Amino acid sequence: MNYGRGRYQSARQLPEEGPAFAYTEENRQRLEAICARYPPEQRKSAILAALFLAQQQQGHITRNVMRHVGEVIGCTSADVEDVVTYYTMFYTRPVGRHVLAVCRTLSCALMGAERVTEQLSQLLGVKSGETDAAGEFTLLEVECLGACDRAPVVSVNDHWHECQSPDDVRALVDGLRREGTTSLTGCHLRVAGDEQ
Amino acid sequence: MSEPLLTRYVREPNSFTLDFYTKHGGYEALRKALAMTPESVIDVVKASGLRGRGGAGFPTGLKWQFVDKTSPRPKYICCNADESEPGTFKDHVLMERNPHLLFEGCLIGCHAIGAKVAYIYIRGEFYHVQEILERELEKARAAGLIGSNIFGTGFDYEIYVHRGAGAYEAGEETALIESLEGKRAQPRLKPPFPAVEGLYGCPTAVNNVETLCNVPLIIEHGAEWFAALGPEKNGGPKLYCISGHVRRPGVYEASMHTPLRDLVYDERFGGGIRDGRALKCVIPGGSSVPVLLPDQLDIPASFDGVASAGSLLGSAGIIVMDETTCMVWAAENLLHFYRHESCGKCTPCREGGAWLHNILGKIERGEGQMKDLDLLLSIAGNIMGKTLCAFGDAAATPVLTTVRTFREEYEAHVREGRCPLPAPWRAGARTVGAH
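Protein sequences, first through last, are from chains F and A.
If you count the first sequence from 1, position 38 lands on 38 in the numbering used here, and the numbers rise without skipping.
For the numbering used here, count along the second sequence from 1 and bump the result up by 196.
Isolated chain A (complex conformation) (with noise of 0.2 Å):
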């Protein structure tokens, strides 16, 4: 892939801008697709082999075609903007940069799956982002590209921004729409799938913001022209996050045939190593997917390949460590983050996330036993696979990866009685051996 595509004016000034996006052939997408029957967007969109980019790579023609059009009831796009998956920040920069793109894309979903609404549920924390989504939706309606009649079809599309509150959980799609609701942020039982029964007991879907972005493209060049982008199955452009010991550290657009050895290395990319240190390990997917060693890069970043050496490439959050990583510190910093982040809903998470916590805090300490690490690995299988959302395999997955690949530096804590590796980026409490 030449140039970016998803990405390509995000560096130049006013990209965000109304102006800027229709002078660059913005909005013409939607333009065709008002053009077209519903069934033959879905039907393109399914044909490109289009696959979610929020995690679970589902495609996305499927999950529209899923959505029950012969309800009565009103149906609704959710997208979802609650970038939260450690290691991801893709999101932020299409929202911040390229909005409108979105907002295309949020359009001709609306009309594909029959919604009159969108709603983008966008996590608090972006405010700065919500401000300028707000902004430039105002134009966009003014513009008559968004509400009553757009482009004089006859067609009503609305978008409206969702400002959340702080809550990872609330990027599981039910949780999401729980939230939209006014409530807790916690998991549905499905079936009832969202396409089925979502917001407000509606036919509803959820897609991730990088998802709608890529439907304006497909709906202009088509879908063979998309599929062609990347391995098969695997089509289109994809932002990577490379974050952690890299000496270039932001997101990256690329076609899924590049080697994930190459995003962590090449100057394109990641540019390398920091320092000129070795490095140790990659999480490929965001926090929540098993690691990969050096020796197992050479795999194209695509969904099916990192699946191939037995990790996942999830929100495409790579996360680079250098030597100086403990694993232990490691596991025990994304479990801080799981047990925080548990919505509470199902015991295994909510009690097994801070139990491994605390084992894991207490390995960290140099105060652990051989013994827990058996603990570590019984506790996290009990929480694999047993809770209603995959929280509950992604609280699990860093303890299981980090003592199957690494038990010897697991060992070498209890043995010593302290961290063996206590990084000097670290903080002063730890380097030092409270233990």
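The shape of chain F in the complex, shown without the other chains (with noise of 0.2 Å):
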């Protein structure tokens, strides 16, 4: 919520147009599928799955994502914008190829995690919530992502990337640069002889 901020005043930011959206056949299959673990009238409930679906089509949610999705759910556009703007991982803007979301609450702070924010600045020359000019990578600031034994931690699209100190985030942007996520520590939950 940014209510609040500054002197108090609250403002309706719509998205851009952006280009003609719909599903694919693929992600509209899989759309009906989630659909199908309501009842029939209640298919407004898989309206966060749709926006996962259409910003893994797009990248980012547009106006014209909001009313294909309403025309999809069957709800309003207004409904579907209403969800949008509450929710922290809609983006409702273009991102770089990677997103880097560093946890910012306490126990990561604790632990750092003002610094690793500081360094990813730097080292990317973007500020919080900025992407770089190249589009290669965003860089957010997101509050406890539930994994405060390995703080600090940051996370990478959907990927995890856990026990950063301040001094390894140089590592970390080369790997993504060299080799995608596959360069990341995934989950330390994992363990040793784990089937994929």
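Hints in this document: simulated from the structure, not taken from any laboratory.
There could be a bad hint or two in this list.
Claimed, not checked - Short, incomplete list of chain A residues facing chain F, as computed with Cβ under 10 Å: (1) E321; (2) F322; (3) H324; (4) K386; (5) G440; (6) I479.
Since the structure is predicted, the reported quantities are computational estimates derived from the model, not experimental observations.
Glycine residues also receive a C-beta, built at the ideal position from the N, C-alpha and C atoms.
Put the complex together from the two separate chains, hints included.
Spelled out as structure tokens, the structure:
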């Protein structure tokens, strides 16, 4: 929520119109499979899943996406906007290929999360919330990610990278540039010998 | 308690697979429960004294009993897997390494309250955990353990995973229901409670992951065995999440007899403060509860034990802070969280949280005045108890507890016009005093 920032003003910030949007046949089928998990008259329950699919397909949510999602789910685009603007995981602006989300809440902050953000910011030349000019990295600060034992934690897209000391930041960025998300440490809970 | 029950196998390879789980006696409790009447399942859970592990510690058996079984409408189990309380990461471990225990708990819950469907509401950030849940659900479905005619008993119980999209407030039970219905995660006015009118207006039980994971143990070993694992009214095993300035952060399973001091210092648990520093304070139950000082830790880490020391066990997220921590900074950090996560429904929380955060920032930068301290207490006092859900209290607590316990530290900020404790692990801009 951006409420209360500055002078306690709230403003309606509509995403851009964007290009025409419709789900691919595959995504539409995946969405219908998810809708089937709820009672037939409760298709709106699938709205978060519908938005995730659209975001996966197009990268971010636009007004055309909101209209299409409304048509497919069976609600107004105002209902969709209501949801999009509430949840933090929906991007209403284009983001970089890698979204680096640094956990900033207490347990991570106690272990140096502020310095991780600072280092990333210097290295990438962007402030928190911004995307670099090449569209490669977006830097975000997010609230508790629920992995406080490995603080400070950074999540990259839907992948995890854990146990970051501020000094490891360069290796993280270099690894992503070189090999993409395969360079990440993944979840610490995996054990040697686990099936993939 | 000699060995862990919930997390016994979590460090073994493939502990999350159906094969592993059934080889170690998995789904036997479900078989046993399906042969019992729903009433007797609820009676056993009630007799065990199991208390909800999400934070409130409400007796699970009672919650299930309250579900209106006379209603002609469908009933639902909603498993709260929106683990978002700062300092809490226990359900993460259970779901990633022992998901079938959760499924078994959900199915027994369905049987108890007469639900056909259980939804596991998992926070959006746990994407890798969701993948595991979906994959293992599919295996259990193929094996006839979930879906129609389970074990040939004629019972049909289904489990679906529902992914959230980033909202702390979705962990509040009525907000979780709203979110599941495809709306903003904002709390509802209670009553009616979810047991009467929950998901889609139907009778619903909302239970935390760890709570449901305890249910198969109770069915398997009995209520008396479970109750005897901990102090009176605090039975069963408990997962503790220890983070912050300890040598061995992690999730540890222990009985609620365990002294809070042991959880912080014992080599089996937190292992003491890192770098040989002194302890400053502990937040014992996720960020929403009052701090405890080093001389307040000789209490059992149970719901009632922690309450007797003036705090709450909450979600058992134990955040440990050493002597290098500035408490104004810590409060500002937490209020940033609450300001950001407030759903905006109730004015005291929406406006008050932002106001508190602004004042804390001012004091931390060295621009505060002495009268700001009383203003903080006044604003926090006007949020406390004046909102629809417990979020308001949660946001007010870090301010009330730090101003009351560490008032001299706040005053030092005002007097010196800077932060007197700029720890080296904080951002540089703060440590060189841009004041």
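Checked against the structure, which of the hints given earlier come out wrong?
-> 4
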